[in-house]
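J.: Residue-level listing of the chains:
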Amino acid sequence: MFNNITETSQEIQAGSLAAEDLIADKLEEIKKWEPHVNALIEVLDDDAIKQAKGKKEGLLAGIPIAIKDNICTLEGHTRAASKMLENYRAPYEATVVRRLKEAGAVIIAKANCDEFAMGSSTEYSAYGPVKNPWDTARVAGGSSGGSGASVATGEVLAALGTDTGGSIRHPASLCGVVGLRPTYGRVSRFGAIAYGSSLDQIGPFTRTVKDSARMLQVLAGHDPLDATSSKEEVPNYEAACGKSIDGMVIGVPAEFFSEGVDQEVTKVIKDAIKNIESQGATIKEISLPLTDAAIPVYYLLAKAEASANLSRFDALRYGKMDLESDDLIERYMEARGKGFGPEVKRAILMGTYALSAGYFDAWYKQASRVRTLIAQEYEQAFTEVDAIVGPTAIEPAFKLGSKMDDPLQMYLADGLVVPASLPTAPPITVPAGCASVASTPRRARPKLNAKGGSSESEVGSSLMMPVGLQIIAPKFQEERLFQIGHAYEQAHEWYKKIPEVPK
Amino acid sequence: MQITKEEVQRIAKLARLKLTDEEIKAAVKDLSGILEHFSAIQNIDTEGVPTSDDASGLINVMREDIAEQGSIASGEDVVNAAPETKDGQLKVKSVF
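Listed in order, the protein sequences are those of chains R and Z.
Position 352 of the first sequence, counted from 1, bears residue number 352 in my numbering, the numbering being contiguous throughout.
Position 73 of the second sequence, counted from 1, bears residue number 1073 in my numbering, the numbering being contiguous throughout.
These are calculated hints, taken from the structure and not from any lab test.
Beta carbons: idealized from backbone N, C-alpha and C, even for Gly.
Some hints could be false.
Unchecked claim - The calculated label-pair distances, taken between Cβ atoms and stated as ranges, are:
{"hint": "1", "chain 1": "R", "residue 1": "Lys270", "chain 2": "Z", "residue 2": "Val1061", "range": "36 to 46 Å"}
{"hint": "2", "chain 1": "Z", "residue 1": "Leu1014", "chain 2": "R", "residue 2": "Glu232", "range": "32 to 42 Å"}
{"hint": "3", "chain 1": "R", "residue 1": "Tyr359", "chain 2": "Z", "residue 2": "Val1092", "range": "39 to 49 Å"}
{"hint": "4", "chain 1": "R", "residue 1": "Ile283", "chain 2": "Z", "residue 2": "Gln1009", "range": "45 to 55 Å"}
Excised from the complex, chain R in its bound form (with noise of 0.2 Å):
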């Protein structure tokens, strides 16, 4: 069975395996998956068809990769998961995505995400929520949770999600693939509907690594068309695959074991890095107390730029929407509050509000300001230390439903993601292993106010779900986190775990 860029692609350019065959092989597995996960939110069929007839040359000749649905493709729709942009067939491709043509990949399908990149479990997909693989009456992840699970189930080999406070590696954790979100500027954002504008990055889901690596390889470097991408050189970063790891010093935050986070997913990450330890590695506790300051400074800034850039969205321009008023004004307010979702529409109320007059200073600017003091506690970090590892959620997958009736608990779900969007540094998570669930602490204390939930247990459930480890690396130094992260990964081989289809 093929679940691997790496190997696979190997076959594919040996000629032992017919890229138009695999792809064949691929749309029958999505058959069997989508009704149970629905992680693709449009399969383009007769289009991978003809884009793999022929494919043989390429670092990605013949691999079938899902286009987070946030995306602009030629093919199919580009929805962002919205009813505001139903039937919107973008105009231009992505630049991402033209490069990965170029390595030859074939675009299989758009995969299902949170509406407008908002949301930390895919539950605010306007086309139904995507499942966990793993046990379908829990969530995916979010926002990019379609990209995850499609990854995990083999339905595809790589896929493409967008990452503003955690949306590649929340869902990439829970489900038990590898996410990479590159350092601010590593990759284009030409194509991507903006969320946050000084946020977003585009980065690969893969199975492993190294496929991680050979993914950034495609999709990295200087893109004339998106004026904050970065003319950094781009290195080998399959080279760094395989490089001992004996004698980098790695630091861990006191501050990411916190009451917060599940005490069985602590475990599990305690264990991952007592093996990176026996790697040669030296192990530093270092501290970032701004860590609980991230969540309202992200959201506060995430949500201003939404609501700016949101403002496009007029039903004018992108999509054709029933309206019954007349009215100019009347028809906008209509049309968006009628297109957008409710996440989306609470995201726009709370960014309005932090940059209204009278409040600006008191909350945008502010957590401007605190954004620069976090980022200053990463660079004194990485002084010390040459890269920061912790979990990447602070639970695994919850059960679906369980957060939708309080917005708050959501924003919460990403505690340990948030942080390491703020400064430019880049993370990756790697698959850990397992947690149980069957007594995951349902509510996170809210840190700063200590005003407290309460604390229930999950009854009656022993399943196992997947964690992530999350490694963080200085700004441009993705080499460091595909080193530590293949050296860990070969260690365990929790790669070669794969879901079955539900009965």
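Place chain Z on chain R using the hints.
T.: Frame of chain R, contents of chain Z only:
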């Protein structure tokens, strides 16, 4: 950190969002709770700290002002993505 119903209505109008009564009620509750939690950042001392407007570290990224016709998409394709067009232009309701 109580947001009032009037505040929500004001912000919704600024953001051009038509909300039902239910949605306004929910927004009052949700936003108040969320902002209460977030208000703790007011206690962080940011005296003299610059804002972080500049995520990329780049300044004045420019190019020559030369039009490259159809290099990304044809003008027709871009206009035709809109729901209502006429003569290569977008149709909108009158503003007066």
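J.: Hint by hint, which ones does this structure get wrong, listed from lowest number up?
T.: Violated: hint 3 alone.
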